[in-house]
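Engineer: As you go down the protein sequences, you meet chains U and X in turn. Residue numbering for the first sequence follows this note's numbering, beginning at 68 and increasing consecutively. Residue numbering for the second sequence follows this note's numbering, beginning at 100 and increasing consecutively.
FYI, nobody ran anything at the bench for these hints, they're computed from the structure. Treat the hints loosely; a few may be bogus.
To be verified - Example chain X residues on the side facing chain U (calculated, C-beta under 7 Å, incomplete):
id, residue
1, Q227
2, Y228
3, S235
4, C281
5, N284
6, H285
7, L323
8, F439
9, G440
10, V443
11, A491
12, A515
13, T517
Quick reminder that beta carbons are idealized off the backbone N, C-alpha and C, glycines included.
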Amino acid sequence: MEARRRVAITGLGLVTPAGLDVATTWDALLAGRSGVAPISLFDASGFPVRIAAEVKGFDGSRAIDDRKLLKFANRSHRFALAAADEAIRDAGMRPTPETGTRWSCVVGTGMMGVEFADLADVHRRCAPDGEFDPQRLLAEQDGGMDPIVFCRSQSAAGVSLLLRRFGIRGYASSVHTACASGGQAIGTALKLIRRGTADYALAGGFDSMISPVGLGSFCLLSALSPDNETPQRASRPFDRTRNGFVLGEGAGFVVLEEWNAARRRGAKIYAELAGDGNSLSSYRITDSHPSGDGPIQAMQQALSDAGAKLDEVDYLNAHGTSTPMNDRSECAAVRAVFGPHTERLSVSSTKSVMGHLIAAAGAVEVAVCALAIRHGVLPTNANLKELDPECDLNIVRGEPRRRRVRVAISNSFGFGGSNSCVVLRNPEEVERAAASRA
Amino acid sequence: MTMAAADKVVVTGTGAICAAGKTPDEILDAVQAGKSAISPIQGWDASAWPTGVAGEITGVSPTALIEDRKIHKLIRRTHLLGLYAASHAIENAGFVAHRDKLAAEAAAVFSDRTGVYVGSGGGTYQDQYEFFPLMSTGDGSLRTFGQELGATVNPMWLLRALPNNVLCHIGIRYGLKGPNACITNHSVSGTLAVIEAALALRAGEADQAVAVGHDAPIEPESLLYYQRLGLLAADALLPFDAERSGSLMGEGAAALVLETATAAASRQAAVLGEVLGSGYAAEGEGLLTIREDGDGLARSIVAALEDAGIHADDVGMIVAHGNGTRQSDSSEAAAIRRVFGASVPPITAFKWAFGHLLAGAGILDAVLALRALRQRSVPGIATLRRIDPEFAGLPISADAQTPRTDVALVISRGFAGTNAALLLRAAPGD
Chain U
68 MEARRRVAIT
78 GLGLVTPAGL
88 DVATTWDALL
98 AGRSGVAPIS
108 LFDASGFPVR
118 IAAEVKGFDG
128 SRAIDDRKLL
138 KFANRSHRFA
148 LAAADEAIRD
158 AGMRPTPETG
168 TRWSCVVGTG
178 MMGVEFADLA
188 DVHRRCAPDG
198 EFDPQRLLAE
208 QDGGMDPIVF
218 CRSQSAAGVS
228 LLLRRFGIRG
238 YASSVHTACA
248 SGGQAIGTAL
258 KLIRRGTADY
268 ALAGGFDSMI
278 SPVGLGSFCL
288 LSALSPDNET
298 PQRASRPFDR
308 TRNGFVLGEG
318 AGFVVLEEWN
328 AARRRGAKIY
338 AELAGDGNSL
348 SSYRITDSHP
358 SGDGPIQAMQ
368 QALSDAGAKL
378 DEVDYLNAHG
388 TSTPMNDRSE
398 CAAVRAVFGP
408 HTERLSVSST
418 KSVMGHLIAA
428 AGAVEVAVCA
438 LAIRHGVLPT
448 NANLKELDPE
458 CDLNIVRGEP
468 RRRRVRVAIS
478 NSFGFGGSNS
488 CVVLRNPEEV
498 ERAAASRA
Chain X
100 MTMAAADKVV
110 VTGTGAICAA
120 GKTPDEILDA
130 VQAGKSAISP
140 IQGWDASAWP
150 TGVAGEITGV
160 SPTALIEDRK
170 IHKLIRRTHL
180 LGLYAASHAI
190 ENAGFVAHRD
200 KLAAEAAAVF
210 SDRTGVYVGS
220 GGGTYQDQYE
230 FFPLMSTGDG
240 SLRTFGQELG
250 ATVNPMWLLR
260 ALPNNVLCHI
270 GIRYGLKGPN
280 ACITNHSVSG
290 TLAVIEAALA
300 LRAGEADQAV
310 AVGHDAPIEP
320 ESLLYYQRLG
330 LLAADALLPF
340 DAERSGSLMG
350 EGAAALVLET
360 ATAAASRQAA
370 VLGEVLGSGY
380 AAEGEGLLTI
390 REDGDGLARS
400 IVAALEDAGI
410 HADDVGMIVA
420 HGNGTRQSDS
430 SEAAAIRRVF
440 GASVPPITAF
450 KWAFGHLLAG
460 AGILDAVLAL
470 RALRQRSVPG
480 IATLRRIDPE
490 FAGLPISADA
500 QTPRTDVALV
510 ISRGFAGTNA
520 ALLLRAAPGD
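Please take these sequences and the hints and turn them into a complete structure.
Structural biologist: Right under this line is the structure:
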C-alpha cells in the first residue's frame, strides 16, 4: 500500500486581540500581556459584562488593498482576509491560474452573520414598537434592502471572499461547530491533502461576536467572567477562582501543503500537521462530561492518527476557556489520556491572554503550537495564581518555558459537544525518523 | 488516488421531509405523479409580495415530528426538520436497535465509531428579531439594551440559534460519539455532509455515519433579498424551461445512514444502495458569480467519475440542480454536455415540486434519486412546457424516462461558485 501523504504547515497568519500579526501576537503571548480591556466597540455600560478581548487598531483598508472586496466583508471577514494574506505571504507561494484547482480552502466560520447596525436598521424601519411587521419591510424595500447586507451575512461569505482574493478553485467549505470550528476546519483540510483531493490548503477560522447581540447572548448564559474591574485578570484558566471566559475576536490561518512538495521548493516548514481527532460528547449542549468523555476520544484518535506516542508530546495548548466546568473536564480528559505521562506534559491556555476567539480559536491555537515548535518556547498561562487542585496539570506559569517540542497538540471543544484535537510534529523529528528508516 | 482496497460505502437508511411529504416514498410519489407542493406562503401575509409562494411544510405539528417536548424549547424549526429526517433514517436503518443488543463495551465502541455529518443552513434573519422588543424598550439606547437584556430575552437564545444544533441533538438522542462535522456552506452543505461521511467511512475513521441536511429559509427578509438579486421566480420554478425566471424557496430536510459494507453485512442490514464517489470544486469568482461554461461543475463531475472508477457511459440518470434560474440551468447544461458529450443519460430535476431547500437540497435529491433508480423510473419535470432551445437534444422531459443503468449522478450547486457531484448506485429495487 502506498504511504499516506504527509502534510506540512508552511505559512501562518494571525489577527488577534494580542496583535495584528503573527510576530506581535507571539510577543504578547510570551510576555503574558493581556488583550482584554473594557469594550470600546459599542456602549456596553449597561451590560453585566463590559469587558472583552477586542482586536485593536485594525484598519481593514490598510490590510487589504481591494476596496471592492472589502465592501462585501464584515468585521470578521476582514480579519480573515488580513490573516490569510499574512499566511500566504509567509508561505512564499500563492495559487496561480495553473495551481488554483489544486488549492482548497476550509474555514471555521462564526454564527453571527448580521452586523448589529444592519439589524438595528431593520428594527428601526419594521419594528419600532418591538413587533416585526413584514409589510413594512416590503413597503420600504427600495430604500433599505441593500443586497450587500445580504452578501455579507451569508454563511459562505467569508470563504467566497478568500477564494476570490487568492484564486482558489478547488474544494471550498465553511464549517461551524461553535468553538471547535477552527480546529475542525484544519482537520478537514489535512484530510483533503492526504486523500489527494488537494495539494495545498488555506485553512483557518474567523469570528467576531463582540456586538450587543453576541455579548448579550453569552451574558444570558452566564458564561462570561464578570470581572469588569480587573479585565486583564479576568481570563485565568485553571485558577481556582476562575469564573467564566472572556469573549475575543479575530482570525487565524495556516497554509498547508504536501510535505515532499514543500521540501522540494525549500519552504520554511513550521511543523508537520500530523493528526486530527474529532468526536462528539453527546452529553449536554454547553458542557462536556465531568469525566472528560468526548475530549478523551478526540485526543486518542488524534494521537493515533498522528502515530504519536504519549511520551513524545511535550506541549498541549489547552482549550482552557476559564469556565469552571470546561477546565475541570479537560484536565480529567488529559489525565485519562496521558496517565503517568501527564506530569511531563507542559500545558498552557493562551486564552488567558487572547480571550476566547470562538470559531477562530482552534485555528489561532494551531498556529500558536506551530510557533512553539519553531521557537522551542512555550507561551505562558497568564493569570494563574492559585492552581485549582482539580486542574493539577504541569501548567506553564509566570515566564514562558524554554522547551524543545517534539509533538504539540491543540484542543478545541464546542457548544454542542464537538471536540477537536489537532497534532503537530516538529519537522526535525520527521527528518530524523526518515533518516533512521533509510 | 485509488481506493480499490477500501471498503464500499453503502446506504442502509433514508429519511426526508419537505412540502411534498414526510417520507422519501411520499415525496417521490408526489414527484412521479407530477404534483407540485408549491403554494401561497402561510408564514405571513405574502399576497402582495413579488414572490408570494414557496414550498412550506404545513399542517404538521412539531410534536408529530419529534415527540419529546423538551427538545422543542431548545431548537429552531430548521433543526426540528433535520432532527426528524435523521431520526427517521436512523430508525429505519435499525443500527441503534442493533447497538442496544450488544454488550456494554461493544456498544460503547459502536457509539465511538458512529459519525454524524450535518449540512446546516446556518441561521435566519428572524432569529435575531427576538431582540427587537428589547431594542424598543426605554430610550432605545444600548445602555438600556444591556440593562434590560436578562428580563426581556429568552436566556436560551444563543443555544436555540446554534447552527450545529442538529449535530448535537442527534448525538445526544442516540448517544453517537464519533467523528462529526457541521457544514454551513449554502446549497452544497447537505451534499458535502454525505461526501464527508462517505470519505470518513472509506478512510476507516468510522464504521457507520448519519448524514443530514436541513434548512428553513422561508422568511420575509431573506425572500426579499433573493428576489432583489433576481434569483426568485414570481410563481413557478421551471427547470430548463424557456420561460424559467428564477427559483423558489422550500423548507425541509433529508438524511442518509451510511455504513461500510462490512459493518452492514455484519448486522445483516438491508442495503438500499451505495455511494460510489464524489467530486467537489469551486469557481471562486464571487459569492453570486457563476461561470457560463460550467467549469467548476464539469471539474467536479469528472472528479466524481474518477473517484468512483467509472465512465460517463456508466451513469444511468442525472438529477440536476435545476434551480430554475437562467444562469444556473444554462451553465449546468454546459457542464453536462462537456462531460457526457453526445451520450447524455436521462436528466431530471426535483425542485419544481417542493422548492429549493438550500442546505437540504442536494441530500434530498440524493435520497429521491436512490428511490427513483430502484423504481427504474426517472421522474419527469412536470412543469416543463417548452424546453429552452439552448438545451435542444438533451434528454429532459415532462414525462418519466428509463434510467440506462443503476447509477445516478446528483448535482448540487451553491453560493461562492461551489459545485458538488455525487454518484450513487441503487441496490436492486422493490
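Engineer: Compare the structure with each hint and give your call.
Structural biologist: Structure-based check of each hint:
The restraint placing X:Q227 at the interface with chain U holds, with a minimum CB-CB distance near 5 Å, inside the 7 Å limit. About 5 Å separates the beta-carbon of X:Y228 from the nearest beta-carbon of chain U, less than 7 Å, and the hint is met. Satisfaction of the interface hint for X:S235 is found here, the shortest Cβ-Cβ separation to chain U being roughly 4 Å, below the 7 Å cut-off. Because the smallest distance between the Cβ of X:C281 and any Cβ of chain U comes to about 5 Å, under 7 Å, the interface hint for this residue holds.
Hint status for X:N284: holds, given a least beta-carbon distance of 5 Å to chain U, under 7 Å. For X:H285, the interface hint holds, since its Cβ comes within 7 Å of a Cβ in chain U; the closest pair sits about 4 Å apart. This hint holds: X:L323 has a C-beta 5 Å from the nearest C-beta of chain U, less than the 7 Å allowed. A hinted interface residue such as X:F439 counts as satisfied when its beta carbon comes closer than 7 Å to some beta carbon of chain U; here the least separation is about 21 Å, so the hint is violated.
A least Cβ separation of about 22 Å between X:G440 and chain U goes past the 7 Å threshold, and the interface hint is therefore violated. Because the beta carbon of X:V443 sits about 24 Å from the nearest beta carbon in chain U, more than 7 Å, this interface hint is broken. Below 7 Å, beta-carbon pairs count as interface contacts, and X:A491 has none with chain U, the closest being about 30 Å; its hint is therefore violated. Look at X:A515: its Cβ gets to within about 4 Å of chain U, closer than 7 Å, so that hint holds up.
For X:T517, the interface hint holds, the least distance from its beta-carbon to any beta-carbon of chain U being 6 Å, beneath 7 Å.
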